[in-house]
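*Asks:* Protein chains in written order, with our numbering: chain U, 3 to 364; chain H, 3 to 364.
A few of these clues could be false.
Pairs involving identical chains hold if they fit within one copy or between any two copies, as the list cannot separate such chains.
With a straight-line Cα cutoff of 25 Å, these simulated DMTMM-like cross-link-like pairs (lysine to aspartate or glutamate) come out [what the hints assert, rightly or not]:
id : residue 1 : residue 2
1  : K95       : D109
2  : K248      : E258
3  : K349      : E264
4  : K95       : E108
5  : K349      : D185
6  : K248      : D92
7  : K248      : E318
No lab work stands behind these hints, which were simulated from the structure alone.
Protein chains: 2
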Amino acid sequence: MTSERSVPPTISEVAAAAGVGRSTAARTLGGYGYVGQELRERVLEAADRLGYRANALARSMSTGVSQTLGVIVADIANPFFGGVVRGISDAAKARGVETLVLSTYEDLAEEIAATNVLIDKRVDGIVVASAALDAASAGHIQEARDRGIPVVLVDRAVTGLHLDAVVIDNRDAARGAVTRLLDAGHRRVGFVWGPPVEERPRRRRELIDLAARNLWTDGERLQGYLDALDDAGMAFDADLVMVGAKTEEHAQVEVERMLDLESPPTALFCTENDAVTGALRALRARGVRVGADISLIGFDDSSWAAVMEPPLTMIEQPTLALGTRAAEVLFAAIDGESGAAELHTLKTRYIERSSVAPPPAG
Amino acid sequence: MTSERSVPPTISEVAAAAGVGRSTAARTLGGYGYVGQELRERVLEAADRLGYRANALARSMSTGVSQTLGVIVADIANPFFGGVVRGISDAAKARGVETLVLSTYEDLAEEIAATNVLIDKRVDGIVVASAALDAASAGHIQEARDRGIPVVLVDRAVTGLHLDAVVIDNRDAARGAVTRLLDAGHRRVGFVWGPPVEERPRRRRELIDLAARNLWTDGERLQGYLDALDDAGMAFDADLVMVGAKTEEHAQVEVERMLDLESPPTALFCTENDAVTGALRALRARGVRVGADISLIGFDDSSWAAVMEPPLTMIEQPTLALGTRAAEVLFAAIDGESGAAELHTLKTRYIERSSVAPPPAG
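Isolated chain U (complex conformation) (with noise of 0.2 Å):
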């Protein structure tokens, strides 16, 4: 064994016979941080003249490296998960962390490249809002565990995969809401924000299977919205759900879409913040008053969502709440504290305005 040798000269050492300050040399030494050429050869020849060796070398290079996590996400851009980021690093600050951060704009391979600069950047642990659907395509995630670096899944937890998923109430929250607008007479809701497909599925099973295949809260909250139609005893028609790409651009086209239907939707629930103003863009376009000729709730309250006329009634997510959890739970693990992986489910908020009214007469 290595600890079998004599001891090998410390850093200090090859720093003074070097002519460089301590940290130069661990810096060279340890691998880390930037040395130039010219320092850099003189710690080499100097550590290779008093043979400092490689095991010395490996203690050293545990040293120096500040602490880190990293955090994958889908879309920094993303208001919501910006509010996700802010919670992770809040609590990675407060145990002196810091917190890398990288965006995959739901690209499964940007993903896989992430999760292996961040096994490289040696981060003692990693949160990640996964595009993963299935374990199957977790094999990133599973090679970061292999290598001992804890990961826990936050806002969608991936089928499958034996991990610590942070999520919050994605079916209850939908149906809760889609409840109160049938409770408030409506017999008509739309769905807005559904699978990214071209054909519309016909049957329902098919629908939530395409949904939850794109991304697992888009099946979820469809799953609660056809919960809710369940528990009032009302048939799913299938063209009250939008289909097709996931933009405001075409939230807007489905929503006048539905709104030419013979029987058209006298409620939305929206299940975006792109999805909420693509629908405005249809209902302004139309001429239709929001809290008046239609209802509407929305998903991720912002403060723009207050300042509306009417103001709207949103479902606000804790996305300061989903990071900290997080970032708790990580932590655990990496203290070696963590039981069986969980899924811890945050509640969201109803925060009701003025955008829900019980449907116009006739």
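Once you have looked at the hints, place chain H on chain U.
*Replies:* Same frame as chain U, but now just chain H:
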């Protein structure tokens, strides 16, 4: 010189002797990535046996680590920075470079810690929206450059620091927007988002200094507001400038204060999204109608502004372009192709909607 010694064994030879894969040997000897304790010791033992020395080790350190950029922004949760980061990472991906993002929440101490982490993690370059106001408080940026890591500033210039900076035309944009309000006949234009000071300075020079000392862009935008007043030969009134906490809540308080003035503003220029929503809260609370009783122009267009009633006239910042340009300038520096430090100024876009009207008669 090291080159005069006999050629040391290769990593592959060490790997073979240790009975591990080449990548495991490379990670152990290169000091990057994670290697389990037992494998690590086997590799180090073999390296030792074969006389694998630090100089060979040093060469191996430069291999296998993916290229990365570091980006330090004020607040990742701010969609403006989300767009900038998206622009940077798109440009980086095009070169096969990954982007690591850190958020400082406008805390200079956090910015220094973030810079040190990026130096530790051996990024190839850094883009920073710095909270430093002058060269004296930018020692950390100088340190990164001293270590051979190119740095490019984005969103804010740092006085006295000879560095490339990619910014928008803050002063011209503000001057142009306020001029449009004056051209529409307004004589009392409120400026929403001032310096975070308790007491309201009466002298304009002091006001600008305080704003600029808090944030470079704030000073530029306030200066543009004053330029427009000067162009129109109009007197400056300190009561029409918000001071105090830079929050949506306080913006509401300050706008309500302006509405209570003996001669209240007939138009508002809001230089941040939170200033816009705060002002709208105040106007709603007082029953003042935007685009009729009062005109409003805001900074940072968002999809929400377009669906407001009435749709808001806004100044759009080229967030993606700010990011891509910053990345291009940084890559030029990394490739050693950069010349003298420049201030790269990108143009904003004035998006005319329906929130500007002539002042109400009488």
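*Asks:* Which hint numbers does the structure go against, in order from smallest to largest?
*Replies:* Going through the list in order, the structure violates hint 3 alone and respects the others.
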